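> So you can see what is in the structure, the chains are spelled out below.
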Amino acid sequence: MTASLPVLVRGSDSDVSNKMAAPIALHLEFGGGAELLFDGVKEHHVILPDQSEPWDMKQLLVWIRANLLKERPELFVQGDTVRPGILVLINDADWELMGELRYELQDQDNVVFISTLHGG
Amino acid sequence: MLLAIFQAGHQITMPVLCSSCAEKRAVLKRPKTAHSLCKDCFFWAFEEEVHQTIVSAQLFKHGETVGIGASGGKDSTVLAHIMKVLNERYNYGLKLLLLSVDEGITGYRDDSLETVKRNQQQYELPLKIVSYEELYGWTMDAIVKQVGLKNNCTFCGVFRRQALDRGAMMLKVDKICTGHNADDVAETVLMNVLRGDIARLRRCTAISTASEGEGVVPRCKPLKYAYEKEIVLYAYFKKLDYFSTECIYSPNAYRGHARTFLKDLEAVRPSAIMDVIHSGENLSVREGVKMPVQGTCGRCGYISSQTLCKSCVLLEGLNRGLPRLGIGKHHRLHGKILSQQPLTQAEERKLKTLEL
Amino acid sequence: MVGWQAGKDSFYVDEEYNGQLEHVATPSVSKKCVKCKESTAVLIIRAVDAFCRCCFKEYFIHKFRAMLGKNRIIFPGEKVLLAVSGGPASSSMLSQVKEGLSRDAPKKLRFVPGIIHIDEGGASGQSMEDRRRAVAQVESVLRSSNYPYHIVYLEQALNLPSSVLEVGSSATEKLQTGPSYKAAVDQFIQTNQNLHPDLFLENAWSHLSSLSMQEVQNGLSNPITPENTQALQRLFASVRTLTAKEDLLQTLRQHLILHTARTEGYTKVMMGDSCSRLAIKLLSNISLGRGASLAMDTGFSDSRYGDVVIVRPMRDYSSKEIAYYNRMFDVPSVFIPGLDTKAQDKASIQRLTESFVNKLQTDFPATVSTIYRTSEKLHTACPPQNTNSPTFDKCLMCACSLDTNAEEFSAFKATLISEQLSQRRGPGPGLSLGTAGAPGPPPASFTGQGQCRSSDEGQRQGCGSREPGCCLSAEMPATLDLKSLLCYSCRLTIKDMTAVDILPQYILAEAERKKRRSHMRKEISEFLLEEEDEAKTS
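Residue numbers (this note's numbering), protein chains in the order written: chain A, 87 to 206; chain B, 7 to 362; chain C, 1020 to 1557.
Think of the hints as simulated: they come from the structure by calculation, not from any bench.
All values derive from a computational prediction rather than experimental measurement.
There may be inaccurate statements among the hints.
To be verified - Result set (DSBU-like, lysine-lysine): computed pairs, CA atoms no more than 35 Å apart in a straight line:
id : chain 1 : residue 1 : chain 2 : residue 2
1  : C       : K1054     : C       : K1082
2  : B       : K90       : B       : K244
3  : B       : K156      : C       : K1050
4  : B       : K45       : A       : K128
5  : C       : K1082     : B       : K156
6  : B       : K178      : B       : K90
7  : A       : K144      : B       : K156
8  : C       : K1339     : B       : K156
Put together the whole structure using the sequences plus the hints.
Laid out in structure tokens, this is it:
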């Protein structure tokens, strides 16, 4: 899947824009029912291409929406963040401890999305 | 040491330390209190809180047989796990068993029951499955064929309520505990406000039901003060086996609105779920507001505020091919049904239509 | 889509959730008025009732009178303070009061009105120039009413006396000893029988008008100093979340209104909350943990302050009816930006609730009226007041009855336990709580523990200081001291502040006084107990 990537330009990024960030490999996992929006596939090994600035969670969500989501994107992302009720774990820790959308992704990071909105 | 280094709007985060042991890396931020806990301290705090709930609210007595309403979903899976853990750790002296209902929904309940069966093995607890088909002669698949997708949840909810009781009676269970969590309770408070249902608003925050009468087993919610977020993370970190697919016949739009609102509230102020419950616990209802009087069903003896219990009315409707009978208010027909008098043509016509 | 959670059977017998509200029924075009059945309808209220202009006016006016008549708590000749923000609902209320007072004998309203407008621009950081312009606009509306009016600035709240926090002697007591409502009306009619109605009003207002002119002049000449405004802005900047800012603003506003009413001799305050506004308030107050005072907060009358009673005569009108009425009958109103103007839906609990109710109302037109009906079935759980300490069990800030009694197991207590269990403790799990169900109060340091809480809210503003780790040190030890005097919800508000010692002096001073009193009471009771013991042993 090589859909065109959104290029996010930020005014304040001039100090890092001259160095290119290398492609990074991520392990993405969807659970708790969130996988239903991804053709029922729970685990995805993805490679984010190189771009002029480091990848953060905010851009990852944009990328997921453009490249992985199969249906009903509003059930996964709302505004620029995940839909309330979907938990996010970065390397097995609550993303609320990691800066949430501002977390800068590292090569080989493990990102888990778990829906709490299904079943009881 | 700086906890975070800001760089061009990005954040490279050093691990946040556990606020309890101050040694290990925190794995979650608790919505209720905004503390950060490591895995072990989280397990301990979560279990201890449920224990405190059980002890303070005196949910069980030593020697009781307790049926755990098990659906295979996250809440009941965590409930079964934690009841087993606490029963052993604190010597509650309870005889625990799993109680499941098979609604007869192909592709949904049959799969989730497989999860329950695995839980039975994992937790070494006896399992009893009662099915709609054996109790009522109807599966949900068959009911949906007759009534369509608009009011099927009414049938399912009413039947399940009674099915659990019947299963509990068969096994001589003293109490049933269900996996209702803090989010569920808060959502129900909001729902009842949105529907103006004052009778339910008043009782929906109760942690347990008093014995409602013959044939009704007392129920309680040990996870009443546990956040859904923590339940899911507890299951995730403990690698508990649960089933998370949506019921294929479901979505109740109005409840969905309340849930979405609650999740948004939680995003704005994480304590909001507890705050809603606190509100619900402290509401008081004006005197003179009519509250339903509970009696028993004239046909099956189950508790009911009408001549016939909801379950019998719905069943009668299904069996006579008059699905509307149980939807909306047709109390004046109860006497006729009970004495098996025929309905008039006009009455039949009215109850037959599926455009509800 | 969130579905019905099939895993959870309904907890209670007879529980069913098929209660869908009716969707919008679109009425046919060019319908006739439901009332006169003659004229062409011009608007639709209550989902399907179409009214013509004339019947709508009559219906609107009748509803105001009926609301006051039904509740019978405003006595003839009583001084009533109308709180007018300049918005559509309170402006409409003002027009209804004018209408009611100008009517002929049997349908006439018989109280003596005055108006208060509070300029809150200082809290939302508006320029002095914008504020002056807005006040001037409101003032022109108020002036045209010919009632005495008071323009008050939010900054003035900082200099309120502590006495504003005391609960006055209850009006209900007076009611019990005084004449009944009917007797009061009869007496009033008798004494004023010979007076021409206009003459009577002139009498009643003659002393007021002079007073009001003085107020107005004060307002114009030297309302507030730049220092006042800066102090107010510092106070609001110390609150991390918009949710708590709005709550604090509400508290300060109430105190200002109450103080003005007391000093100017008003015994009733009329608020312009519409049915739509109250439905939103009800739901957001539930979300803020204000369930215990819900009936007071949203009902027709609120007697928590004792001597001054808040009434809400607009509570039967939807915001739609009000908007139409104002437009059709030229009721002027003024748009004044507030704290949450232009804020995102998820900026605060209050804002979120507003957008939720409005959206739901679009799909389910009975939403507002159903929520509103819920409020009518509630009443405040007012525990019998201890006559020795009438103010002791009331919240220092919002004056509701304290709802923080942790005797029974509750959400409040469960949170205390969670706090205790999440804090620094001895190594290793297995450390058990002392006695089950009796945890002590959490240590003072828990609120900001180890991390900045500012990211908790959608608003994501800074935590009040630019220094790294600011939140670690920002918690004042005073937080805990103040907390014991506050209700559940006001505690949440305080928790969102970087420091509590920045609260207005009148609140801090009253807190000190209350604490001293309770300390003294404790000492006295201990002393008495000792004496008793001695008496027994000897």
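> Now tell me, hint by hint, if it's right for this structure.
Structure-based check of all given hints:
no., hint, in the structure
1, K1054/C <-> K1082/C, "15 Å, holds"
2, K90/B <-> K244/B, "14 Å, holds"
3, K156/B <-> K1050/C, "32 Å, holds"
4, K45/B <-> K128/A, "23 Å, holds"
5, K1082/C <-> K156/B, "38 Å, violated"
6, K178/B <-> K90/B, "19 Å, holds"
7, K144/A <-> K156/B, "39 Å, violated"
8, K1339/C <-> K156/B, "32 Å, holds"
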